[in-house]
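Here's the letter readout for the chains.
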Amino acid sequence: MAELRIEGLTKRFDGNSILDGIDLQVESGALLAILGASGGGKTTLLRLIAGFERPDAGMIKIEGVVVESPRTHTLPEQRRIGYLTQEGALFPHLTVEQNIGFGLQKRADRAARITRMMELVGLPALYARRFPHQLSGGEQQRTALARALAPEPRLVLLDEPFSAIDAALRREIRRSVLEVLKAVGATAVLVTHDQDEALSMGDRVAVLRGGRIAQHDRPASLYRNPVDLAMGQFVGESVLLDGEAHGGRIHCPLGVLTSTQRIDGPVQVLLRPEQIRLVAHATPGSVAADISGIQYFGSDVLVELRLADATPIAARMFSHELPQIQGRVGVMIVGAVCAFPSSKPAGRLVQQLAG
Amino acid sequence: MRGRLPPALVFLASMPALLVAALIVATVGDALGSGVTHLLTEFLGSAVIRLLFNTLGLMIAATLLATLIGTATAFLVVRTDVPLRPLWQALGAAPLAVPAFIASYAWVSLSPHFEKFGGALLVTTCAYFPLVYLPVAASLKRLDPMQEDVARVLGTSSFGAFVRVILPQLRPAMLGGGALVALRALTEFGAFAMMRFQTFTTQIYLVYTAGLTGSVASALALVLLMLCLLVLVAYVLLEGGHSYASVGRGAARAATVYRLGVWRLPALAFLVLLAAASVGVPLGMTVFWLTQHGAAAITPAEVSPHAVFQATWTSIKLGVGGAIFTSVLILPLALLASRWPGRRMVTWLSQVPWLAQGLPGIVVALSFITVAIRIVPWLYQSTLLLLVVYAILFMPFALVGIRAALVQSPPLLEEIGRGLGYGWFGVLRRITLPLAMPGVGAAAALVLTSIVSELTATLLLAPLGTETLAMRVWENTSTLAFAGAAPYAAILIGISMVTSWFTASRFGVAAHATAVGS
Chain A
4 MAELRIEGLT KRFDGNSILD GIDLQVESGA LLAILGASGG GKTTLLRLIA
54 GFERPDAGMI KIEGVVVESP RTHTLPEQRR IGYLTQEGAL FPHLTVEQNI
104 GFGLQKRADR AARITRMMEL VGLPALYARR FPHQLSGGEQ QRTALARALA
154 PEPRLVLLDE PFSAIDAALR REIRRSVLEV LKAVGATAVL VTHDQDEALS
204 MGDRVAVLRG GRIAQHDRPA SLYRNPVDLA MGQFVGESVL LDGEAHGGRI
254 HCPLGVLTST QRIDGPVQVL LRPEQIRLVA HATPGSVAAD ISGIQYFGSD
304 VLVELRLADA TPIAARMFSH ELPQIQGRVG VMIVGAVCAF PSSKPAGRLV
354 QQLAG
Chain B
9 MRGRLPPALV FLASMPALLV AALIVATVGD ALGSGVTHLL TEFLGSAVIR
59 LLFNTLGLMI AATLLATLIG TATAFLVVRT DVPLRPLWQA LGAAPLAVPA
109 FIASYAWVSL SPHFEKFGGA LLVTTCAYFP LVYLPVAASL KRLDPMQEDV
159 ARVLGTSSFG AFVRVILPQL RPAMLGGGAL VALRALTEFG AFAMMRFQTF
209 TTQIYLVYTA GLTGSVASAL ALVLLMLCLL VLVAYVLLEG GHSYASVGRG
259 AARAATVYRL GVWRLPALAF LVLLAAASVG VPLGMTVFWL TQHGAAAITP
309 AEVSPHAVFQ ATWTSIKLGV GGAIFTSVLI LPLALLASRW PGRRMVTWLS
359 QVPWLAQGLP GIVVALSFIT VAIRIVPWLY QSTLLLLVVY AILFMPFALV
409 GIRAALVQSP PLLEEIGRGL GYGWFGVLRR ITLPLAMPGV GAAAALVLTS
459 IVSELTATLL LAPLGTETLA MRVWENTSTL AFAGAAPYAA ILIGISMVTS
509 WFTASRFGVA AHATAVGS
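Chains A and B, in that order, are what the protein sequence lines are. To convert, note that position 58 of the first sequence is 61 in my numbering; the numbers rise steadily by one, no gaps. To convert, note that position 138 of the second sequence is 146 in my numbering; the numbers rise steadily by one, no gaps.
Keep in mind that the hints were calculated from the coordinates and are not lab data. Idealized CB from N, CA, C, for every residue including glycine. Please note that a few of the clues may not be correct.
To be verified - With beta-carbon atoms standing in for the labels, derived distance ranges:
1) A:Tyr299 / B:Pro349: 39 to 47 Å
2) A:Pro73 / B:Leu76: 54 to 62 Å
3) B:Gly269 / A:Gly42: 26 to 34 Å
4) B:Gly269 / A:His136: 19 to 27 Å
5) A:Ser346 / B:Ser165: 37 to 45 Å
6) A:His136 / B:Val316: 29 to 37 Å
7) B:Pro349 / A:Arg110: 58 to 66 Å
To be verified - Far from chain B by the CB rule (all over 12 Å, computed), these chain A residues:
8) Gly43
9) Ala53
10) Ala151
11) Val230
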């Protein structure tokens with residue numbers, strides 16, 4: 004498969020910039036997840052890569068060859084791209100095998116290729132003659148994947164392909180799609196608004212915000228070192244506190260914490276609920292807190308707490324670690340936390356600390 | 009709803025089926041009783057071959073042409089950048105409000121050249137292409153635009169995507185619409201008679217009014233019935249039970265609009281011509297003759313306001329009476345079909361009105377005249393008999409509308425009503441019917457429209473002295489008194505447009521077409 008390179012891609016609708024100078028690069032065989040809120044231009048980006056629409060500026064290269072620039076426009080049917088859409092968009096008038104074989108018209112190995120693709124995506128051979136409406140949502144999506152991969156595309160585009168599938172089935176389908184993509188060594192671009200999906204599937208994740216790439220990083224770095232507070236809140240559950248930083252040490256209602264970056268002055272502290280550990284009340288080095296509520300999710304729990312100054316925080320833990328105690332506990336922080344310059348005036352911070 | 013079917017309701021719901029059965033038994037019995045082959049060879053001989061040739065030739069030509077025009081119009085209006093799209097969208101359905109025999113009157117009064125096969129083909133195509141246009145346009149709008157995108161990235165050109173992805177999915181709509189056009193072409197009478205184009209319907213009328221034995225007319229009617237049945241069978245075979253249930257909700261994105269480029273003006277010219285031929289000429293000629301003195305036409309005829317008023321009043325009376333009669337007749341069946349769907353008996357009974365769709369008005373009228381004269385003479389020449397015939401002809405419209413309306417009142421509400429202590433009749437009166445009333449009203453309006461613009465059965469069955477708008481247009485056109493026909497035609501078109509608009513605004517144009525069509 005091929006590498007994809009995008010430079011300065013810009014698209015406007017009615018004078019509004021939907022995409023504003025996007026630069027991206029996907030290495031051969033890698034999966035890039037593009038994470039963004041609904042209506043944030045994710046799908047537009049995919050449609051530009053596929054060639055359904057033309058950008059106002061910028062360039063797209065596949066395998067080192069320019070397919071889109073102000074002077075070049077390769078037609079969608081000549082780009083050799085696989086496209087997997089939200090609900091598969093299977094052709095309802097064609098059977099499973101006809102759907103998979105749609106892009107294989109002129110190939111001598113059509114029949115063999117169809118059988119091979121059905122095996123690859125895990126569709127039983129007896130489904131070959133079925134029509135799409137006779138399949139479950141997951142089977143439809145597997146068929147759509149087989150159809151997209153059958154002509155051996157250079158690049159696979161996935162447009163929120165799991166959002167229409169039942170939550171219970173989604174994880175399994177995600178995993179098997181990922182396995183298939185890795186098995187054929189596909190270079191892929193996945194767009195999604197689901198953080199879990201982006202973090203778990205992407206080799207890298209690019210967050211699209213306000214028409215620009217706000218951060219492009221490995222999933223772990225994105226989660227641990229967001230570029231700003233909003234990004235931190237966007238990519239996962241977070242606990243926010245006000246604090247005062249001095250040379251990498253942060254003073255806040257949870258005590259003195261270590262910052263991931265050097266910063267001074269009033270800050271907002273962002274930490275993840277799983278960084279908060281519950282210990283017995285009055286354990287040395289812990290801060291006192293009262294349990295105000297518990298959300299039980301089966302494998303894990305979210306414990307809602309209030310600090311002495313009434314600041315609300317939340318701790319996530321495995322459900323078997325849930326303490327059998329009610330009322331007052333101690334909390335300790337594991338690992339470094341993120342701190343961002345606070346926009347709040349210091350006076351209010353002091354008030355909060357005092358209150 | 010669970011539970012046993014109420015026997016009384018089943019009995020009432022069987023009435024439409026019994027009427028249709030009586031009709032078929034009467035026609036077949038009458039024709040066979042007097043030796044149908046004998047009649048066809050002895051009395052009619054080679055005339056039958058010529059009739060077959062005319063009727064089938066027109067049917068095939070009109071079906072192909074209407075399917076082509078209807079599909080092309082739908083594609084232009086839904087998927088291209090042709091100028092004035094909203095206007096064409098509305099005008100595509102408008103011909104349904106102009107009865108074919110009125111269009112025929114307009115063309116004949118424009119020039120005597122519009123006659124015979126050419127004229128008949130022109131009028132049939134213009135009047136009935138919306139039966140293809142509306143369902144095809146609806147299908148086009150429902151298609152998931154993503155499918156075309158996927159086809160493109162899989163290596164297909166945009167034309168290839170149209171042929172391999174769009175067209176096959178329009179097939180059911182095209183076939184359904186085409187079958188309806190074929191049935192209309194087979195059963196049309198007034199338009200062909202005015203064009204002096206001989207088909208089975210015009211010949212049956214001629215034989216019957218000439219006072220030849222009723223059996224000859226019945227023999228011809230039987231052949232016509234067979235042809236209609238053939239169309240229905242061919243449709244079922246071709247359609248093959250594919251409904252192409254769409255998969256998923258589809259993308260919310262609007263479909264790509266094709267740029268016509270240099271073809272934009274030719275496409276516009278095509279739509280202008282089509283609108284002119286299907287709506288412009290009928291309305292224009294009617295208005296033209298309205299402004300002429302009676303003497304301007306080939307045959308002079310003065311129009312008395314009194315006669316116009318009388319005919320209007322009679323048409324409305326018959327229309328309203330027929331609409332109520334048909335709705336009441338079909339209500340039990342609609343109730344069964346909406347509350348106990350899937351029961352084999354209910355399924356069978358619900359099919360019956362559709363069968364009636366393939367029954368030519370002239371055949372229905374003749375067979376009931378036969379039955380009436382032989383068995384219940386006092387019914388002959390009575391308004392009641394006319395209403396029964398209207399009910400048979402138009403019960404599919406009533407069934408579609410009323411069933412749809414009843415489905416909108418959920419059974420849960422009825423169960424709550426039962427829980428609050430009402431019996432089934434109380435629930436029907438207090439909950440079901442009030443909720444269904446708007447839909448029932450729209451369905452009744454559709455039946456009313458159809459009755460007012462019905463000509464054939466009205467001509468044969470109207471009690472002595474009864475003159476409707478349609479009959480007046482017919483009489484005046486037959487004697488070439490075009491100015492004399494104009495006021496009646498104008499009022500008829502007016503009523504038809506108002507009631508069609510009412511139905512369309514309740515159900516949407518597409519639903520209107522389904523009802524008119526299916």
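Are there hints from earlier that the structure breaks, and if so, what are their numbers? Violated hints (numbers, rising): 2, 4, 5, 6, 7, 9, 10; every other hint is consistent with the structure.
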